Amino acid sequence: MSKENRIKSIQTDTLSKFKTHHHFENYGEIKSIDDYIFFVEWAKKFNKEIYILGNGSNTLFTKKKVKSLVLKNSIPKNIKCISKAESLFEVSSNVMMHEILNYCYKNSLDSFYFLASVPATLGGALAMNAGEGKHINRTIYDYVEKVIYIDIDNSVQEIERKDMDVEFRKTMFTGCQDRFIISAVFKFPQKDFSELNPIIERIRWAKKYQDNVAPNCGSVFNENNGRIMGWLKGFRVGKAQYSLKTSNWIKNKSSSPLPILALISIAKILHFVFGKKLKIEVIRVK
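Here the sequence shown is numbered in full-length UniProt numbering, starting from 1 and rising by one per residue.
Calculated from the structure, these hints are not laboratory results.
Small disclaimer: the values here were computed from a predicted structure and weren't measured.
From the three backbone atoms N, C-alpha and C, an ideal C-beta is built for every residue, glycine too.
Treat each hint with caution, since some may be false.
Unchecked claim - The following label-pair restraints were derived from C-beta to C-beta distances:
#  : residue 1 : residue 2 : range
1  : Glu25     : Ser83     : 41 to 49 Å
2  : Ser83     : Asp142    : 17 to 25 Å
3  : His23     : Tyr103    : 35 to 43 Å
4  : Gln11     : Glu195    : 41 to 49 Å
5  : Ile200    : Gln11     : 32 to 40 Å
6  : Thr12     : Ser83     : 34 to 42 Å
7  : Asn197    : Ser83     : 25 to 33 Å
8  : Ile266    : Glu25     : 23 to 31 Å
9  : Phe46     : Pro189    : 42 to 50 Å
10 : Lys77     : Thr14     : 13 to 21 Å
Kindly produce the complete structure, drawing on both the sequences and the hints.
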């Protein structure tokens, strides 16, 4: 395949968990470091915004025709033990959460089992600091030793966990499209699970508390007023609706992003009127 042919135009509803349908004018897949460098240079040449996509579990495309260069992370999946004595494992960024956790459980390793219900790639989870609620304060970075990534100058860099500024749903990679996470090194200590399977327990919890009967991207806002979001439960615009079951959660059956955007705007207006803080978590791409 020639270099220019790495970028193509596609129409699909598979790139966001909201399942909205779009025409992507510029789409490519990152299968190697060389691919990533080529795409970055191409975007600079043609003045295009870049959006690096994992599994689309936190992504809202806002236009029917998407002009950004959307890059699917398709690097080889790999989980390898790099130090048995220190319980260190390197995992590539394209590995899904459930794949990592199945590996850890099979090998009697402690891990971030509280993320078993999250349909994200490792890269996406690291970028957004995936974890439980703010009041619980458990995240994927509880297990991270270091992250390997391509920096803005296209050089491969490593950063130790202790040198990273990690906040609730925010890291140096959040919304940053000029850095690409290649892999991360984790410390997964040995653990005896007896007869309890933490993956199954988390899936049971998700079925009880999370509304997954229609396409969604999970929590829409990472900072909001609970009372206002309570008022919005069940509120519908077209084929999109705030969940009655799970607060701060939009279910979607529309092929268009407009109903979702309307619901987000309504939440913004209400928070503004009542003087409350609102921060959106879902990443919007146009």
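Going down the list of hints, with the structure as the test:
The supplied range of 41 to 49 Å is met by Glu25 and Ser83, whose beta-carbon atoms lie about 45 Å from each other. Judged by the Cβ atoms, the range 17 to 25 Å given for Ser83 and Asp142 holds: they are separated by roughly 19 Å. For His23 and Tyr103, the Cβ-Cβ distance of about 37 Å falls inside the hinted range of 35 to 43 Å, so the restraint holds. Against the hinted window of 41 to 49 Å, the Cβ-Cβ separation of Gln11 and Glu195 comes to about 48 Å, which satisfies the hint.
At about 38 Å, the CB distance of Ile200 to Gln11 agrees with the hint of 32 to 40 Å. Roughly 41 Å separates the CB atoms of Thr12 and Ser83, a value that falls within the hinted 34 to 42 Å. As the Cβ distance of Asn197 to Ser83 is approximately 26 Å, the hint placing it in 25 to 33 Å holds. A C-beta distance of roughly 30 Å is found between Ile266 and Glu25, which places it inside the suggested range of 23 to 31 Å.
Under the hint 42 to 50 Å, the C-beta atoms of Phe46 and Pro189, about 48 Å apart, fit the expected range. At about 18 Å, the CB distance of Lys77 to Thr14 agrees with the hint of 13 to 21 Å.
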